[in-house]
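Trainee: Here's the letter readout for the chains.
Number of protein chains: 2
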Amino acid sequence: MENFDFRIPTEVLFGKGQIEHLADAMRPYGDTVLLCYGGGSIRKNGVYDDIQRVLKGFTIVELSGIEPNPRISTVIRGRDLCRKNQVKIVLAAGGGSVLDCAKMVADCAVNDADPWEMVMNPALIHRALPVFTVLTLAATGSEMNNTAVISWPEKKLKKGCKSPYHYPVLSICDPSYTFSVSRRQTAAGSADIMSHIMENYFSRVEDAVIADELAEGLLRTVIQELPKALGDPHNYSARANLMWAGTLGISQITSAGKKGSWSCHPISHELSAFYDVNHGESLAIITPHWMRRILTPATVTRFDRFAEKVWNIQEEDPMKEAEMGIDALQAFFASCGLPSTLREIGIPDDSLAESMTDEAIRMKGFDSAFVNLSREDILGIIRDSL
Amino acid sequence: MENFDFRIPTEVLFGKGQIEHLADAMRPYGDTVLLCYGGGSIRKNGVYDDIQRVLKGFTIVELSGIEPNPRISTVIRGRDLCRKNQVKIVLAAGGGSVLDCAKMVADCAVNDADPWEMVMNPALIHRALPVFTVLTLAATGSEMNNTAVISWPEKKLKKGCKSPYHYPVLSICDPSYTFSVSRRQTAAGSADIMSHIMENYFSRVEDAVIADELAEGLLRTVIQELPKALGDPHNYSARANLMWAGTLGISQITSAGKKGSWSCHPISHELSAFYDVNHGESLAIITPHWMRRILTPATVTRFDRFAEKVWNIQEEDPMKEAEMGIDALQAFFASCGLPSTLREIGIPDDSLAESMTDEAIRMKGFDSAFVNLSREDILGIIRDSL
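From first to last, the protein sequence lines stand for chains V and L. Here the first sequence is numbered in numbering that gives the first Met the number 0, starting from 0 and rising by one per residue. Here the second sequence is numbered in numbering that gives the first Met the number 0, starting from 0 and rising by one per residue.
Hints were generated in silico from the structure; no laboratory data involved. Accuracy of the hints is not assured; some may be wrong.
Identical chains blur together in the list; that is why a pair holds if it fits in one copy or across any two.
Mimicking EDC-like on lysine to aspartate or glutamate, the simulated pairs with C-alpha atoms at most 16 Å apart in a straight line are [what the hints assert, rightly or not]:
| # | residue 1 | residue 2 |
| --- | --- | --- |
| 1 | Lys161 | Glu1 |
| 2 | Lys363 | Glu205 |
| 3 | Lys158 | Asp275 |
| 4 | Lys154 | Asp275 |
| 5 | Lys158 | Glu116 |
| 6 | Lys83 | Asp357 |
| 7 | Lys155 | Asp275 |
| 8 | Lys15 | Glu1 |
| 9 | Lys15 | Asp4 |
| 10 | Lys227 | Asp206 |
| 11 | Lys15 | Asp206 |
| 12 | Lys55 | Asp23 |
| 13 | Lys319 | Asp303 |
| 14 | Lys83 | Glu61 |
| 15 | Lys155 | Glu307 |
| 16 | Lys227 | Asp349 |
| 17 | Lys154 | Asp30 |
| 18 | Lys258 | Glu343 |
With the hints as extra help, turn the sequences into a complete structure.
Mentor: Following this line, the structure appears as structure tokens:
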């Protein structure tokens, strides 16, 4: 098992009605709040009204219209609102995109460095406004982690920025706020959750027994609960287990003792930077193809474990068992209505892969991933996914 | 799933050599340290020397001789040392008993209330010195939780005291410090770990899917790794997985979304208060008898799950399958050299159970446990365990 530093500074208030505790938790930090949200779904699902009600007495400035794959230009808009209104607290109400944007706004409000330079070099972040979140989508785990993923579409860039200042102070995770999430977003969010778990699960460390056990348990949970949530969007128990799986799935719970870079997320980020596609959907499409490409006699043991423990498959021939596990994953995604080809989500060809520079590939750290991916491998995965 | 508040203020530095980071972490809090330890094992296993080396420049006052089932008189001795020497930091080096004593010393040093009154009523704890720990035994999970269990042997009292001030600031968990732990203590510590997990696992909440999955994963980990550690005490990987299982086993990871009181721990604490027995050994003895007593058609489903998921047992008759799971637990404890009767650990009869007052039983909260235990049930469990 690798050495690790386990530290979760975020408090999570989980469950129905927890928003009633929000004002008390925020008050010590000030009374002027930047409320960050997206395209307006929080006005329909009751979250906006709940926030206005519980934050009576606070001055609320609004940053609305945060897009999926949040943009650096939106971050700058939020930064300017904070500075103009002397905002003391950033409150994000939404899914991962809103939370990520809010984290970066909280940085930019109180640091002088150029916003995109901070995304590229988190060492420039020396302080941040306190961030609170009200989660409305089970997916990215941003509610309890240190990452913000920001895009600069004009330059075809999308980058994850990790900073100790990116842990929210407190996150309200009320599963009933996800009742109105569409089938499509519910499935895509779950594909993202599963990908986070699998990115750590497929690593070069073999003796982090606990991280592996917990990863398998979380994967089985999503596989069991997602169809329930799709069948009955108001199933509280299913929504609750998906939401908590999303939070833990990218926490240190599944990475403690493991090491190495991820594989599918960097490829997906590149796809999003070029085509602004849905993150979870792109992961559902490329993950099985990544698996087939790296399945060899050298990796078959881990894939067999994945097939047996996650999909309950028993087959004597190891290579066949491994393939059956990958088939099961692909079939599960399809059964949840997720797309299976990049063309379905608007990516017509592999020109993007051709345009990736050697430097871009090097920066993504594929050489420390479970299996080192070359330019040809990445190109092949994208072609296979078309 | 029940609502919960997930909050882990403690940072854990896990792995070989992490003690090198201790001084830097402590320095902001002051330079006068109370070093708490037990019977001197840290002088043999290298921990004492490592601490003296890395804390060069700090003034170190020593509280040694902390006993298993740490006593309130020892807490008072530590408090007086802190006050006399203007101690700013409490550093515990040892297992759960040392850590628990150190937490309570840190309270008493800076609060005026009577020490035992604070144990009984944690609301009297309004502040505490910062606590750091260097763990040398995988067992109680005290290194990342808010509990301190303190005894008053003259009054036959043993009580767990939970306070938000009881979270250590930072814990060094280096599995190689457990290489020298005896077979007996290794097995007893693991029985304690398994008991923590099972106390939450057997609860009235059935839809906390993730807590259950994680509990089963941690139990399987201990079942797999403990024999390896007993067979080869220097097996780093086995020691590491046991140590991390101990930390997570009593964390909010396995309780989030569950609810209810525990059953075997309160009985074990009563046994310890009267007879000063080894905590883990007493849990290994009574847990299977508790299980047999509460196994009924109303609880059989949970026991079947336990048998199937933890012990890989498949049997058609549900009651038989449940019993086979309990048998497997009992056989596992025996195979690890743990005692199977209370007489073996020095408890001659059930007179203790007779002397438990109704008030003592009421205070232990058995009425909100998985199955409500009456005085007769408790007496029966102790008799069956003799």
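Trainee: Now look at each hint and say whether the structure bears it out.
Mentor: Hints, one by one, checked against the model:
1. Lys161 / Glu1: Neither: 20 Å inside a chain and 32 Å across chains, both beyond 16 Å.
2. Lys363 / Glu205: neither (23 Å within a copy, 42 Å between copies)
3. Lys158 / Asp275: within (13 Å within a copy, 58 Å between copies)
4. Lys154 / Asp275: within (12 Å within a copy, 69 Å between copies)
5. Lys158 / Glu116: within (11 Å within a copy, 54 Å between copies)
6. Lys83 / Asp357: Close neither inside one copy (42 Å) nor across copies (64 Å); limit 16 Å.
7. Lys155 / Asp275: within (9 Å within a copy, 68 Å between copies)
8. Lys15 / Glu1: Between. Shortest inter-copy distance 9 Å satisfies the 16 Å Cα cut-off; intra-copy 37 Å does not.
9. Lys15 / Asp4: between (32 Å within a copy, 12 Å between copies)
10. Lys227 / Asp206: Between. Shortest inter-copy distance 13 Å satisfies the 16 Å Cα cut-off; intra-copy 33 Å does not.
11. Lys15 / Asp206: between (38 Å within a copy, 15 Å between copies)
12. Lys55 / Asp23: within (11 Å within a copy, 43 Å between copies)
13. Lys319 / Asp303: within (9 Å within a copy, 32 Å between copies)
14. Lys83 / Glu61: within (12 Å within a copy, 55 Å between copies)
15. Lys155 / Glu307: neither (40 Å within a copy, 51 Å between copies)
16. Lys227 / Asp349: neither (36 Å within a copy, 50 Å between copies)
17. Lys154 / Asp30: neither (37 Å within a copy, 51 Å between copies)
18. Lys258 / Glu343: neither (34 Å within a copy, 45 Å between copies)
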